[in-house]
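Number of protein chains: 2
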Amino acid sequence: MCITGGAGFIGSNLADRLHADGVEVVIVDDFRTGRREFVEELLSDPGVSLHEGDVLDRRLLERALDGCDWVLHMQANADVRHGLEHPRRDLEQNTVATAAVLEAMRAARVSKIAFASSGSVYGEPEVFPTPEDAPFPIQTSLYGASKLACEGLIGAYAHGFGFTGLAFRFVSVLGERYTHGHVHDFYRALKRDPTRLRVLGDGRQEKSYLYVGDCIEAMLLAAAQHANRPGELAVYNLGTDETIIVDDSIRVICEHLGVHPELEHSGGRRGWAGDSPLIYLDCTRIRALGWAPTLSIREAILRTLRWLDANPSAVEEEAAVS
Amino acid sequence: MCITGGAGFIGSNLADRLHADGVEVVIVDDFRTGRREFVEELLSDPGVSLHEGDVLDRRLLERALDGCDWVLHMQANADVRHGLEHPRRDLEQNTVATAAVLEAMRAARVSKIAFASSGSVYGEPEVFPTPEDAPFPIQTSLYGASKLACEGLIGAYAHGFGFTGLAFRFVSVLGERYTHGHVHDFYRALKRDPTRLRVLGDGRQEKSYLYVGDCIEAMLLAAAQHANRPGELAVYNLGTDETIIVDDSIRVICEHLGVHPELEHSGGRRGWAGDSPLIYLDCTRIRALGWAPTLSIREAILRTLRWLDANPSAVEEEAAVS
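Going line by line, the protein sequences match chains A and B. So that you can map any letter, position 261 of the first sequence is 261 in the numbering used here, and since no number is skipped, the others follow by simple counting. So that you can map any letter, position 70 of the second sequence is 70 in the numbering used here, and since no number is skipped, the others follow by simple counting.
Rather than coming from a laboratory, the hints here were simulated on the basis of the structure. Ideal Cβ positions, reconstructed from N, Cα and C, are used throughout, including at glycine. Among the hints, a few may not be true.
Ranges of calculated distance between the beta carbons of each label pair, as one might list FRET restraints [what the hints assert, rightly or not]:
#: 1; chain 1: B; residue 1: LEU278; chain 2: A; residue 2: LEU221; range: 30 to 40 Å
#: 2; chain 1: B; residue 1: GLU24; chain 2: A; residue 2: SER266; range: 35 to 45 Å
#: 3; chain 1: B; residue 1: THR294; chain 2: A; residue 2: ASP66; range: 50 to 60 Å
#: 4; chain 1: A; residue 1: GLU206; chain 2: B; residue 2: GLU92; range: 37 to 47 Å
#: 5; chain 1: A; residue 1: PHE128; chain 2: B; residue 2: ARG36; range: 50 to 60 Å
The task is simple: from the sequences and hints, build the whole structure.
Shown next as structure tokens:
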């Protein structure tokens, strides 16, 4: 299996899991956000190879795909919040990049793709929990729009070229190697200044989180189910059956760190333009395959915090990048 | 108002209509599919200007936008059927081009956009007539996927940058200056050989058509309604409350031409991969604004045939291109 973004947060966890199962793993990563330390150990093993570069490098990608049956397409710009500051970034790194992956797959005669989509494609839904066939949404973020565009491309390749397609609409994913997002930002800020914490929005935004290990099990289960269904794009929500408000997730972090900051809310229902005040996905479809998350949101946050404690460089390096 | 693709089928009809209303019209067209003869007369009038080039030419577009309040973004690759032969074309000419239009608008401080989307974004819907908030569809064509991606971008610009957005999901549009699609193809084929006609699919595909004049009235009505609603993308289906099967539309053409060809169906429910066996849109939303089509599907086909009769060059030139 070829994993694009295989040195990233979810991608490298996928790589570990597949390798442990004896699956041959080909990692494509340009290390723009992926990290060498996430795959260094793995790469010393036979059965794991790395093609260093961008998926837009057609030759590199075709070489990487040679002999693969699946592409687990995880590479993406995952910076949801700053889309408006760089309006072309999501288009180029997500939409155009996915089109390039699909064309390289066609050339290399690889026709199975599992895609890391996002619950943000629902924009601000009106139905909760939100099912995969919710009313046709209006997009509210460039990130969500780009992920939706990718799903559309994969659907068209499935229908037109007989590809087998899977799209996973994730809630926010947490766990080992988590290096961006709410929990990371709050942790970093509290490490710097435990007396006060700036919170975007009113802190009442209701979010969903999923543990990366649970996320991966769901993806692999669905991939096994759909391996022999060419011509279809199947879509699965991946999340837990609970939500947590931002202020409560901050509380978990503060308890863990033993700090008591004053919270300074920027106000408003949304943390930023495109931030959804409520994310809560209906995961009946993936649960019907026999999957269930093993960790609650609180447990997933704590697992993440313990990993950040043990890997202070993940926090520092991120600071150096941004 | 700036009309991209203003020398094309729908764009040039829009230009005529707006000019007749005394509105200043700026046409952007690269004449790849637009035609000089559609705008020649108009361009001799004051109050109408042409910027010849592609919307990807940022400078040209910004110059064109100077002083405009609305962009009517009609420029597109409208070749639905051959998407799979040129998998990057819809992405580049529709999705990336629309991203470029939005960025040029932001630079030029123009924030109102009406976009020619398509009923093909519904893929193969399960609800008929299909409303704008139908269950979240799976894409079945690269054309539909690209139009959906454009809608997503406009939604994100509306939400993030306060743009006023309108997306019109058209059924197939017919009328004066119609130069591609079913009716055109059948007319051309029967002019060449009136004894036999090859029909893609089983001829039972059920299609909807809308007269271009009715289409334009609907667009302008919605634009007037939404002119003062920044931050929103509003979506409207545009069609008639009827459908016609492909074989029946062929019958109308044959009667008009006085020919009796033998029909040779290629078979299958779809004419090509991505062809929807049934297109029938719920137009309650646009009708609630007071709009209704003035021509039936049959009348729209006949109006189109009469225009093709009077403009044989439209058929010949198209043949030279394809």
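Checklist line | Unmet hints by their number, sorted upward, for this structure | finding: none
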